[in-house]
Amino acid sequence: MNSDLTARAGLRLDRRRCSARRSAAFTLIELLLVVTIMALMLSLTAGVSQGVVNSMNFRQAIQNVKTQLDTARQTAMTKNRPVMVRLTEERDDLGVLSWRGIQIGMVEAVTDPSASGYQRPVPGSYEPEFKAVSPPERLPSGFVFHPSDAYSTLLGDHSAVASGTVTGPDGGSRKYQEFVFLPDGRCALPASQSWTLTLVRERDVSDSANDLPADFATIQIDTRTARARIYRR
Amino acid sequence: MMPPNLTSRGPQPPLCPHMHRLPARGFSLVELLTSLAIFSIVLVAMGEMVGAVLNQLRIGEARFGQFQESQAAFDSITRRLSTCELNPYYDFQYPGSPPDTSAVPTRYDLESDLHFVSGPAASGPNALLPTGPHPGHAIFFHGTFGLTDNPAWSELGTLLNSWGYYVEFGDDDGQRAAFLNAGSTSPRRHRFRLKELQVPAEALRTYAAGLNVQTNAAGLYSWFRMAAAAGQSHTLAENVVALVISPLSPVPETGTTEKETDVAPDYFYDTRAYQHAATSSALMQRTRHQLPPLLRVTLVALDEPSAQKLAEASGSDMPELLSTGAFHDATKFDADLQQFESALTERNLRFRTFSTTIRLRNARWNDLP
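Protein chains in written order, with this note's numbering: chain E, 169 to 401; chain G, 8 to 376.
Hint data in this document are derived by calculation from the structure and do not stem from the laboratory.
Note that the structure is a prediction, hence the values are computed from the model and not measured.
Take the hints with a grain of salt, since some may be wrong.
[Said to hold, decoys possible] Distance ranges between label pairs, derived from CB positions: (1) G:W160 x E:D338: 41 to 49 Å; (2) G:F71 x E:V278: 34 to 42 Å; (3) G:T85 x E:T279: 55 to 63 Å; (4) E:T279 x G:G131: 56 to 64 Å; (5) G:F71 x E:A382: 26 to 34 Å; (6) E:T235 x G:T90: 25 to 33 Å; (7) E:L262 x G:F71: 29 to 37 Å; (8) G:D116 x E:P291: 51 to 59 Å.
Glycine included, C-beta positions come from ideal geometry on N, C-alpha and C.
Given these sequences and hints, build the entire structure.
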C-alpha cells in the first residue's frame, strides 16, 4: 500500500514536470472549499431573491386590490349603474378565516313574482340580490386586510358600509362588508372621514392585533372622486 | 487521499516523454477558482440584467397606471364641463349704478344668477386663486350634479353645485388618513395634483354672495375662493403639472381677421367681467352671461417615477416647470405647449399631453350686440 502511494506520487511529480503546473486531481479540502464558496454564494442569492419574491408578492397583492377598485369605478361609470364592492372573509389553505377576498358586483332585483329568488319588497327587510360581475379576487397567500377599524375603516362598523354574511363554498358562513361606487364617479361613503383598507402579512397581524406592522400598504379611497391611492412605507 | 506537497522535490526525472498526449488530470484549485470567478461575474451580470428588466417593468407599470388615472380624470373633466349651466335670461337694464329700478329701463340685456369663470390661476391681473401654489389655469362653474352630503336630499339628482378644476402643488397630509401622518409611517408626497372643487348643494355660496351687486373681484370670486379654502377640493389625479383652458368661438373660415381665441385672448373668460371692468368693454359685452361655445382643455401629466425624481430634486418647493410668460397669450398656445413639452423632455421627465375641445351643451352663443 505504502509503495503504491509512493509510486503514484512519483507519477504526479513526473507529470508536474511536463506541464509546469500541478496536475493532481483536487483534494477533499479544495473540493470542500469550492463547495463552501458556492453554497455561500447560492445562499446569498437565495436570500436576495426571497426578498424580491416577497416584495413582488406584496406589490401584486396591492395592485390586485387597486385594480378591482378601479374596475368598479370604471364599470359604474360606463354602465351608468351603481357597482358594489364586497370585501369578504376567505379561508386560506390551512382553513383559517380572514379578510382576504374582494369582489365586485351589481344589484340585481328580481321583479317577476314567479321567478326564483323573488323577494316581496317589505320595507326594512328587502335586500336586492348581489350579482357578481367577476369571480372573487383573493389576496396572494400570506396577505390579509388588517381587521382593525383603525387601519381599515372599510372593515369597521359604519352605517355607510353594509355588512352581512354569505355562505361560502364549504357551507360555512362568512362575513362581508360592502360599499358602493356611483355612476357619477363617486363613492356612496360620507366624506367626513377617510376610508382606508390596509394590507399586511398575515403573520404580522397575529403578532400584534391592534398595531400597524412595519411593512404595510394602505389603500385610501377618496370618496368624492372614487380614486384609490396607495400609501406604502 | 493525501494533500499535495507543494514544496516536495523529488528526484529529477528526465524530460517528459509524453508531452504530445496530454494526460488526463483534475483541475487545479486556481483553475477552479478562476472558473468560479467567471461564473460569479456572469451571475452578477445576469442579476443586473434581471434587475434592469424589473425596473423597466416597474416604470412601465407606473406609467400605464399614471396615465390611466390622468385619462380618467380628463374624461371626468370633459363630462362635467360639457353640462355646465349658466341659465341666462333677458331682463330690463336700468340706468344708474346701483341700478335705479324706478327709472325707465334703457334696454334689454342678458342676466344670470350663476357665474362661469376661467383663466390663469395665480398669475396675471385677473388671478382666480391669487394665494397658493397654483400653476396653469383654473376654471369654476356651476352644474346640476346633484351632489349633497345631506342624506335626506340624496335622491335629488339635479341639485345645483358649484364646481371647479385647478392644479395645486403640495403634500397630501390633509387628505390622507391620520395614522399615515403619525411619525414617519409614510413619506410625505410633494406632488402636483389636479384638484376638483366640489361644493355640495347645502354649502353652495353662489346665491349668498349676492353676485349681481358685486363690483370687484374679491366679491365676485368669493364663492369659489372660500370653498377652495374650506377644503372642498379633492384630488382627481396626481402628477398633473399643467391645466390649460382656452375658451374658443368658431369663426368663419374665410374673409375675416378674427381668430377663434378672440373671446379670451389672454385665456381669461368671465361672464361677469363687465361688473368689475376686467377686460376690454367690447369683450365684456360679448361675454356677458354667455358660456363660451367651445373649450379647449389641455392636461399635461407626468408619470410617477418622473414625479418622484422631481420631488427628490426640489423637495417641498414647487419646481418651476412653467416659464413665467407661458400660457398667457391664447394665440401662442401651440408654441407655448411645444416649449413646455421640450422643457419637460430636457429635464428628462416622461409625460403625456391630453387635449380636447369640448362643446358646452348649454352655450347659446350669439354675437349680436
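Here is what the structure says about each hint:
| no. | hint | in the structure |
| --- | --- | --- |
| 1 | G:W160 x E:D338: 41 to 49 Å | holds (44 Å) |
| 2 | G:F71 x E:V278: 34 to 42 Å | holds (40 Å) |
| 3 | G:T85 x E:T279: 55 to 63 Å | violated (35 Å) |
| 4 | E:T279 x G:G131: 56 to 64 Å | holds (58 Å) |
| 5 | G:F71 x E:A382: 26 to 34 Å | holds (29 Å) |
| 6 | E:T235 x G:T90: 25 to 33 Å | holds (29 Å) |
| 7 | E:L262 x G:F71: 29 to 37 Å | holds (36 Å) |
| 8 | G:D116 x E:P291: 51 to 59 Å | holds (53 Å) |
Against the hints set out earlier in the document, a violation occurs for number 3 only.
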